[in-house]
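Residue strings, one per chain:
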Amino acid sequence: MEVEKILSKYPRRKDYLLEILHDIQNHSTKNFIPEEAVQRVAEHLNIKKAQVYGVIGYYSMLSIKPRGRYVIRVCASPICNMMGSCSLLDYLKQKLGVELGETSADGLFTLETSECLGNCAAAPAMMVNQEMYGKLTPEMIDSLLEHYSRQTK
Amino acid sequence: MLKEYRIALRNSGLINPESIDEFIAADGYQALRKALKSEPLGIYEEIYDSGLRGRGGAGFPTGAKEKAAAVICSDCEKYVICNADEGEPGTFKDRIIMETDPHSLIEGLVIAAYSIGAHKGFVYIRGEYELSIQRVQNAIEQAYGRGFLGKNILGSGFDFDLEVRRGAGSYLCGEELTLIESVEGKRGYPRIKPPYPAEKGLWGSPTLINNVETLANFPAIILNGAKWYRSLGTENSPGTKIFTISGDVNKPGFYEFPMGITLRELIYDVAGGIRNGKPFGAALIGGAAGTFASEQHLDVPMGYDKLREVGLTLGSGAVIVMDGTRNLNQTMLSILKFFKHESCGKCIPCRVGTTQLHNTLKDSLAQQSFNNNQVYPELIRQAELIARTSLCPLGQSPILPLKSLWEHILVKQTANK
Ligand code: SF4
Ligand code: FES
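Residue numbers (this note's numbering), protein chains in the order written: chain A, 1 to 153; chain B, 154 to 570.
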């Protein structure tokens, strides 16, 4: 869906800014909000571009940098930490050949951390785009990465 | 084995969360029918008399908040907001309600709106809770279809519209005034209190803002009455509470019990005891912004006031259990990292202070000669200063886990060395 279609779904009111930005990002195969879109959103809502950037910059789920098709968010909060999320993060870094915030060479995965995902009973937890996973082990990570790689072929 | 007593979770797992028919068959929307036939005054007084306290963490009397928003003006624009921006580590009760029984939240919201005279409401759900967003969205559409939302609800002449708004990854937006900023489409910076939302909230209008679990209790209270609700729980903490148990227990999960259940019962009877047969070490109650309980607290009844008397907070009802082999300094470090990460930077003491707290503990832990005795009193001194000079609950929080960990647990360990 392109930006115009998303904009037409919402009344021209500033309080829809976050909703619009979410939609734009979710419809981008690179999980980000491109500069032209920021321009259009600002025009549409009659606010300054800087204001839109300000909002994007504040919220950790939103990005103006292109990311992978799948954003992996590993929970870094105390419980997941206690249950071993650090070593899983290291495992992911090594498997994907990236550091935090980077995208794998095939353009598929961007590795990020997040605060508590509300899946603490199944810690350690992570999300891949909008899907939630818990009780993670290296084996599960292997099969998840495989699953998502296959989906894009 | 203790048996759960479920109010907020009464339908959880028993009905299909995507089917309004199943909800209605389970007495759903009966309380709304009843409410719309009574005067608004009767509703907020019933809630007031029930003694229900805000389940988001602060424990403020819900009825008092409602009454304030109801009486402030009669003809002005008012709003109700459901705070579903659950971000406290260890807490996942609101997610469970939204995913398994979204209609009871909607029913509670419409009753609240009617009682204060609001015609527009929002459910602000954190962006990470995709399934909650979908389920609540779907439930709202169904409720419109059956006349529980929209114009002239059930022929009562009362109009109410409801929308979902998504958060986008900010712990701070769980604080009510910050959340309001975010609903207005801005960065989530806290506002100075007072004025409180009941006087000046969304777009400057009186706004009633309640947590998901709080609202899910409304229908039951309206149907069964304040007296019934008060017969459960303890004197100052009536009713039930959802406890979310995580960490080193055999059966982590969510469980609803009358207030007054003890930590020992929760850990050993309900959550199956400590994993791998290890001894109990500590429990962090209420999440990262919570307090550490030690062995000596295992039999204190879980309620707002009883816990406060012994230097603990109930908070959102999170119980994070650590076995006796855990390094609690490491847990503390990750709590401080959390605050450092989530500080919005508006107040300098919090921006600089949370980073400094984290770095101080981290550097000390890296040293051979690490000694709790030297580090904690200093961390506590700093955290107290930050708490006094910070604008919002985030800056006021690090003192809670730090002080309780030191006073309830580390002091003794250090003395025994
Ligand atoms: S206390 Fe911290 S999080 Fe709260 S407003 Fe100040 S800087 Fe921001
Ligand atoms: S701490 Fe990781 S999901 Fe809650």
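Treat the hints as calculated values from the structure; they're not laboratory data.
A virtual CB, placed ideally from N, CA and C, is assigned to each residue, including glycine.
Treat the hints with care, since some could be wrong.
[Stated by the list, open to error] For lysine-lysine, the following BS3-like pairs were computed, each having C-alpha atoms within a straight-line distance of at most 25 Å:
no., chain 1, residue 1, chain 2, residue 2
1, B, Lys-493, A, Lys-14
2, B, Lys-339, A, Lys-14
3, B, Lys-220, B, Lys-339
4, A, Lys-95, A, Lys-48
5, B, Lys-353, A, Lys-14
6, A, Lys-95, A, Lys-30
7, B, Lys-156, B, Lys-556
8, A, Lys-49, A, Lys-30
9, A, Lys-135, B, Lys-404
10, B, Lys-339, A, Lys-48
11, B, Lys-339, A, Lys-9
12, B, Lys-346, B, Lys-499
13, A, Lys-49, B, Lys-346
14, B, Lys-339, A, Lys-49
15, A, Lys-65, B, Lys-493
16, B, Lys-493, B, Lys-556
17, B, Lys-459, A, Lys-14
18, A, Lys-49, A, Lys-9
19, A, Lys-65, B, Lys-339
20, A, Lys-48, B, Lys-556
21, B, Lys-273, A, Lys-14
22, B, Lys-499, A, Lys-9
23, B, Lys-156, A, Lys-93
24, B, Lys-380, B, Lys-156
25, A, Lys-135, B, Lys-431
26, A, Lys-9, B, Lys-273
27, B, Lys-493, A, Lys-93
28, B, Lys-339, A, Lys-5
[Unchecked claim] Over the 12 Å line for every Cβ pair with chain B, so calculated as not near, a few chain A residues:
no., residue
29, Glu-35
30, Asn-81
31, Lys-93
32, Glu-99
33, Ser-149
Evaluated hints:
A hinted pair counts as satisfied when its Cα atoms are at most 25 Å apart, and Lys-493/B with Lys-14/A does not qualify at roughly 30 Å. This hinted pair checks out: Lys-339/B and Lys-14/A have alpha carbons roughly 8 Å apart, not beyond 25 Å. For the hint linking Lys-220/B to Lys-339/B, the alpha-carbon distance of about 28 Å lies beyond 25 Å, and the restraint is violated. Distance hint between Lys-95/A and Lys-48/A is unfulfilled; the C-alpha atoms sit about 41 Å from each other, more than 25 Å.
Annotation: proposed proximity of Lys-353/B to Lys-14/A holds, straight-line Cα distance about 19 Å (limit 25 Å). For a cut-off of 25 Å, the pair hint linking Lys-95/A to Lys-30/A stands: about 20 Å separates their Cα positions. Between the alpha carbons of Lys-156/B and Lys-556/B the distance comes to roughly 34 Å, so the proposed pair goes past 25 Å and is violated. With a C-alpha separation of about 21 Å, the suggested pairing of Lys-49/A with Lys-30/A holds against the 25 Å cut-off.
At roughly 13 Å between alpha-carbon atoms, Lys-135/A and Lys-404/B fall within 25 Å of each other, so this suggested pair holds. Our distance criterion of 25 Å between C-alpha atoms is met by Lys-339/B and Lys-48/A, whose separation comes to about 12 Å. A distance of roughly 20 Å separates the Cα atoms of Lys-339/B and Lys-9/A; the hinted pair therefore holds under the 25 Å criterion. Simply put, Lys-346/B and Lys-499/B have alpha-carbon atoms about 15 Å apart, close enough for the 25 Å limit, and the pair holds.
Taking the CA atoms of Lys-49/A and Lys-346/B, the gap is about 30 Å. The hint is violated against a cut of 25 Å. For the proposed pair Lys-339/B and Lys-49/A, the alpha carbon gap of about 13 Å is at most 25 Å, so the pair holds. For the suggested pair Lys-65/A and Lys-493/B, the alpha carbons sit about 24 Å apart, so the restraint of at most 25 Å is met. Under the criterion of a C-alpha separation no larger than 25 Å, the hint pairing Lys-493/B with Lys-556/B is consistent with the structure, at around 17 Å.
Proposed proximity of Lys-459/B and Lys-14/A is contradicted: the alpha carbons are some 45 Å apart, above 25 Å. Taking the CA atoms of Lys-49/A and Lys-9/A, the gap is about 20 Å. The hint holds against a cut of 25 Å. For the hint pairing Lys-65/A with Lys-339/B, the CA-to-CA distance comes to about 20 Å; that is within 25 Å, so the pair holds. With a C-alpha separation of about 45 Å, the suggested pairing of Lys-48/A with Lys-556/B is violated against the 25 Å cut-off.
Taken as a hint, the Lys-273/B and Lys-14/A pair is honoured in the structure, with Cα atoms around 17 Å apart against an allowance of 25 Å. Proposed proximity of Lys-499/B and Lys-9/A is contradicted: the alpha carbons are some 34 Å apart, above 25 Å. Between Lys-156/B and Lys-93/A, the direct Cα distance comes to roughly 44 Å. Violation of the 25 Å bound is thereby established for this hinted pair. Between the alpha carbons of Lys-380/B and Lys-156/B the distance comes to roughly 22 Å, so the proposed pair stays at or under 25 Å and holds.
For the suggested pair Lys-135/A and Lys-431/B, the alpha carbons sit about 20 Å apart, so the restraint of at most 25 Å is met. Of the supplied pair hints, the one linking Lys-9/A and Lys-273/B holds, its CA atoms being roughly 19 Å apart against a limit of 25 Å. Simply put, Lys-493/B and Lys-93/A have alpha-carbon atoms about 23 Å apart, close enough for the 25 Å limit, and the pair holds. A threshold of 25 Å between alpha carbons decides the hint, and for Lys-339/B with Lys-5/A the separation of about 23 Å falls inside it, so the pair holds.
Residue-level check passed: Glu-35/A sits 19 Å from the nearest beta carbon of chain B, beyond 12 Å. Remark: the non-interface label on Asn-81/A conflicts with the geometry, its nearest Cβ contact in chain B lying 4 Å away (cut-off 12 Å). Distance to chain B confirms Lys-93/A as a non-interface residue, since its nearest Cβ pair spans about 18 Å, more than 12 Å. Annotated as non-interface, Glu-99/A keeps its C-beta farther than 12 Å from every C-beta of chain B; the closest such distance is 17 Å.
With 12 Å as the threshold on Cβ separation, the claim that Ser-149/A sits away from chain B holds: the shortest Cβ distance comes to roughly 21 Å.
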